[in-house]
Structure formats: structure tokens, C-alpha cells
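*Asks:* The chain contents come next:
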Amino acid sequence: MIPIGSRRRGGGPLATLWGAGPLTRIMLAATIVLSVFPLYWMLVVATRTNDVVGSVPPPVVPGGELGRNLARLFGNEQAHFGLGLINSAIAASTVTVSTLLFASLAGFAFAKLRFRGRNALLLVMLATMMVPVQMGIIPLYMLMAEIGWTGRLQAVIVPFLVTGFGVFMMRQYTLQALPDELIEAARIDGCSTWRIYWSVVLPVLRPAMAVLGLFTFMQTWNEFLWPLAVLDPDNPTVQYSLNLLNGAYYTDYSLMFTGTAVATLPLLVIFLLCGRQLISGIMDGALKA
Amino acid sequence: MTASTRLRRVKPALAGRLLAKRSAGRLARWDMKFSPYLFVSPYFLLFAAFGAFPMLYTLWVALHDWDLVGSRDFVGPANFRMVLSDPQFWNAVWNTAGMFVVATVPQLLLALMLANALNRRMRGQTLLRMGVLAPMVTSVAAVAIVFSQLFSRDFGLINYVLGWFGADPIDWTAERWSSWLAISVMVDWRWTGYNALIYLAAMQSIPKDLYEAAAIDGASRRRQFWTITLPMLRPTIIFTAIISTIGGFQLFTEPLLFGNGDMAGGSLRQFQTVTMYMFENAFGRFDYGYASAVSWMLFLIILVGSLLNFLWLRRVGGGAR
Numbered sequence: 001m002i003p004i005g006s007r008r009r010g011g012g013p014l015a016t017l018w019g020a021g022p023l024t025r026i027m028l029a030a031t032i033v034l035s036v037f038p039l040y041w042m043l044v045v046a047t048r049t050n051d052v053v054g055s056v057p058p059p060v061v062p063g064g065e066l067g068r069n070l071a072r073l074f075g076n077e078q079a080h081f082g083l084g085l086i087n088s089a090i091a092a093s094t095v096t097v098s099t100l101l102f103a104s105l106a107g108f109a110f111a112k113l114r115f116r117g118r119n120a121l122l123l124v125m126l127a128t129m130m131v132p133v134q135m136g137i138i139p140l141y142m143l144m145a146e147i148g149w150t151g152r153l154q155a156v157i158v159p160f161l162v163t164g165f166g167v168f169m170m171r172q173y174t175l176q177a178l179p180d181e182l183i184e185a186a187r188i189d190g191c192s193t194w195r196i197y198w199s200v201v202l203p204v205l206r207p208a209m210a211v212l213g214l215f216t217f218m219q220t221w222n223e224f225l226w227p228l229a230v231l232d233p234d235n236p237t238v239q240y241s242l243n244l245l246n247g248a249y250y251t252d253y254s255l256m257f258t259g260t261a262v263a264t265l266p267l268l269v270i271f272l273l274c275g276r277q278l279i280s281g282i283m284d285g286a287l288k289a
Numbered sequence: 001m002t003a004s005t006r007l008r009r010v011k012p013a014l015a016g017r018l019l020a021k022r023s024a025g026r027l028a029r030w031d032m033k034f035s036p037y038l039f040v041s042p043y044f045l046l047f048a049a050f051g052a053f054p055m056l057y058t059l060w061v062a063l064h065d066w067d068l069v070g071s072r073d074f075v076g077p078a079n080f081r082m083v084l085s086d087p088q089f090w091n092a093v094w095n096t097a098g099m100f101v102v103a104t105v106p107q108l109l110l111a112l113m114l115a116n117a118l119n120r121r122m123r124g125q126t127l128l129r130m131g132v133l134a135p136m137v138t139s140v141a142a143v144a145i146v147f148s149q150l151f152s153r154d155f156g157l158i159n160y161v162l163g164w165f166g167a168d169p170i171d172w173t174a175e176r177w178s179s180w181l182a183i184s185v186m187v188d189w190r191w192t193g194y195n196a197l198i199y200l201a202a203m204q205s206i207p208k209d210l211y212e213a214a215a216i217d218g219a220s221r222r223r224q225f226w227t228i229t230l231p232m233l234r235p236t237i238i239f240t241a242i243i244s245t246i247g248g249f250q251l252f253t254e255p256l257l258f259g260n261g262d263m264a265g266g267s268l269r270q271f272q273t274v275t276m277y278m279f280e281n282a283f284g285r286f287d288y289g290y291a292s293a294v295s296w297m298l299f300l301i302i303l304v305g306s307l308l309n310f311l312w313l314r315r316v317g318g319g320a321r
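Here the protein sequences come in this chain order: A and B. Be aware that the first sequence starts at 1, since it is given in the working numbering, and climbs by one per residue. Be aware that the second sequence starts at 1, since it is given in the working numbering, and climbs by one per residue.
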């Protein structure tokens, strides 16, 4: 990461140029509070009974009802929350692994291999990145119905096994991080193209793959529209399952908030562990989408 | 990157193991010729099956009177003509465009201010950045659920806080302006920090000398921001505006859950977006032909919106220079 400001301490106008004034600090503090508060509120409501939402003044600290709420959450008959968690874990991991594999393969080919039609194919790929997902949802649904995949988990996995965005990101990173000499040296040593990919390219791409992997996992885990369209209520993903917790006549907030807290927790843990990489990925311009 | 150190680490291992494979010959030429295609083929095959085909097929379906069961008669552009004269469609376009403006303009301005604040020397930078980015990790569904509660009329914290200032409880879902505002808050909460980090990265690539020279010349912080930072950020601002257009016009989950899962987006359709309208036609009325026409119109709107955004921002930016 690029360091902010120079560390030198000079006199005159430069001394205060990169410092943070009190106003800046107040604004940042307020931003952090606003950023984190809804997550904290989720925890507060998830650890209390449903009466909490009506009480004045509202509670500000977590209560002791989390265990009971969790039991209600996983015991809820229409939401299938446990199954939703498992389904989302399977879908997100599968999509992540395959995106990393296919995107790095294609990105490497586009960046470093010479073949007829390369530029044309690259252009086609870039154009496809502009098309919104919603565009294809109806025919995609009809296609899934035709091949009998509606209601089945592969419907939310197979169409997303690799994205144009992933390929493009890998191509950009390969261009910048992998010197041609490295590939030529491996060729002279008699490496096949696959071997070069496996032993030379993959190790170099590791940092970019970490970021792409994180991002892909998050995106798949959080996907809502497509599972809602193609899956059935008795075999949902976790986000779909959240929607099923909402009763028709009566909104049980503590139940729903427990669900959102549990559904958010895995990503928050991953974020706390790898947030630094995600941030440098965004700031390196790797994740501009 | 540490390419040279990797070179040293990787090469001897490869050299030893692979010198034996010298009998390259035909196999190697074959490998050179076809491997690249093999490597890019997974993407193109998947895209052809689940991207290009659906898109073209949408056009095909849109030209038909296509229901869940029964009729699929070719009707030509009739669906498109109907969409264009459909008040509910235009209502959805109006809502989507309105929420896009209400959400995006403050969001990008806030992100700029936030990035400018983050671009100062202080302790705990990584922690600050993580705090700013945390909302992005939260799923849209979770955001929508939590904020719908915060905005609820009788028990919501927001009405409670407004009550301190003597305001009567607002029924946020009831009116057009209030529902737009509430939904925009959800969108902004999730995305402002992300855009701020993109701006911050761009700010850090501006040469420091420019600011130091300006400071020596006596330019104030504010002046520096307007005359150095903003013009230098123009490409990044255009980029975020286009990305926000693409995202904003696909708005779906927040308004859907804000209205308790109702595809119509409120009793008077006051916050139904184009995607919700498409969804309603496809999966509520099972009128696939009409829904497909709506989705093509959405695509065109996004295309035109991005283009207008680009032209406008380029002109505005050009004038400021």
C-alpha cells in the first residue's frame, strides 16, 4: 500500500499540509459510527425478544436471548435456514474455486500467449462485461426449466463458474506482474503451456487470486435475485432463506435479525481476517466493478 | 512485484525437472497452437451457454406473445410498443431514475469528502479503512432487512430519533419521496465507503509536489481540493458514475424487501423499479414475452444512461479545468 504523506517534519505551510484537523477527525469518527451501527443494532435485536422493537427508549446493549433465537431460527419450518447455510457454502466455494482456475487460465492466455483472434476475443469479452445480469434472467430461467435444473443447487452454480470480470482482472494482473522472460525461460527448459501455467504463472498470481477469491465468495454468498427466481422455498440459499423468515401477517424482528446476523457472520470473519488484502485490492484498482 | 526473486526460486526447479522433456517436436508445436484456445474456452463456452444465448433468446421471446403455458405466437414489435405506452413501465422508470439520482449524487459527494479526510496523516489507517468498508461485506438482503426495521413507522429508531426534534412519526413506505429517501440511504450505506476507497487510491497517485507547491503559494486546503484534487480525479469520478449507473438501474433487492417482498413496490407502486416490474411480469403474471421486452428496454436505458453520464461529466470536468 502507498504510504500517506511524507514523514518529514518541516516548518511553514508544509507542516500542516497532510495533518488531520479536528474537523476531519470528527467526520471520520461519525462515519465509522454510522458504518458500524446497523451491524451493532443487528446484534442487539438478535440477542433480545421481539418485544424489544416496541420499547421506549430502545435498548442499546445486547441481551441474553441469543440462544433461544438461534434455536427458533434453525427450527423454523418454512425457512430451512440450516440447509440454506449449507447450500450457500457449497455454492460460494465451488464458484470461487472454479472462477479462480478458469479466470487465471484465460487471463494468462490473453496476457501472455499469442494466438490468432486474441484481440477480437478479448474485445468480445470486454463487451460482455457491460451487460447487466438481469437482462438474461428470464431466458436463463426458461433454460433451467427446460433442462430440469429449477429448484436445484447447480442452477445457482454452473452459470457463474467464471466471469468476464474475473478473466479481465487476471489478465491485467498477469500483464503487470509476470515478465515475459520468465515464460521464455520455462519454454526453453521444455515446459508445456500447462506446466508453465501451473509452476510459473500461478505462484506469481497468488495475491491477485486472493482478492478475486474473496470478492467472488462474497458476491455468491450475497446473491439474492437469481436464487429467488430459480430455487424453491424448500431448498434455498441463505439469502433466500432470510426472505422466507418474513411472516405474512406478523414480522418477528428478533428472528429475522438473528438470521441476518448468522448469515453475515461468516463474511465478517473472513473480512476481519483478510480485509487488508481486500482493501489493497480495491485500492490497486484490481476490483473496479 | 517480486518477479525477479520468484524467477530465481522457480527456475532451477523447472530446469531440472523438465530438461528431460526435450523430445518436444510435434507435440510442442501442437501445444503452442491449441493450448491458448483451450485456456480461454471455459469462459467462452460458459458465456455462450448462460450469457449470450439467454440475451439473444430474450429478444426472440420479446417478439412473441409468450406465456407460461399455451400460446407463443409471433407478434413482432407489439410487446415493445405496449411497453412504450405502458404507464406502469414509465412509472417504474421514473422511480428508478429518481432513486438513482437521490442515492448516487450524495453518495459520490460523500465518498469524495470521506476520501479527502482519509487522505491525511493519522494513526490506525487500516482500521479506519476497514470500518468504512464493512458495510460492503453485508449482504443486500441483510441491509434491507435491518434498515426496513430502522425505518419502520411505529418502532423504528429513525422515527424515534426524529421524535427528539418534535417530528411526527413518518410512514416511510407510504409516500414517494420518503420511500425513495429510505431506499437511497440503504444503497448509500452499503456503497459509500467502497467508492471512497477508490477515490482515495486515485488521490494518492496525485504527485505530492503539486500540493506542496500550492501550499507554498498560499493556497488554502479548500482551494487545493478544487483546483488540484478534483480535476485530477476526473477519470475516476467518471468511472464511479458509470458503475453506479449500471448498478443503480438494476436496483431490486432493497425496494423489494423494503416493501415486505411485494413486487409492486408499495400500494401505489411508488417505489417499484424497472427490474421489479420485469420480475413481476415474468414470475408474477408469467408473461415472459412482455417481461423480456421490459428487460431489453432496461438494457437500452442503462446503455443510454451510462453514455449521457460519461458525456456530461466529461463536459463539466473539461469546463472546470
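Be aware that a few hints might be false.
Now the stretches of chain B that chain A is said to cover, found in silico as 3 or more residues with beta-carbon under 8 Å [what the hints assert, rightly or not]:
id, segment
1, 28-36
2, 55-62
3, 79-91
4, 94-108
5, 176-182
6, 247-259
7, 281-289
Just a few of them, taken from the derived set where beta-carbon distance is under 8 Å, the chain A residues facing chain B [stated by the list, open to error]:
id, residue
8, L28
9, T31
10, F110
11, I138
12, T193
13, M218
Calculated from the structure, these hints are not laboratory results. From a predicted model like this one, the values you see are computed outputs, not experimental measurements. Using N, Cα and C, we set each Cβ at its ideal position, and we do this for glycine too.
*Asks:* Checking against the hints above, which ones are violated?
*Replies:* 3, 4, 5
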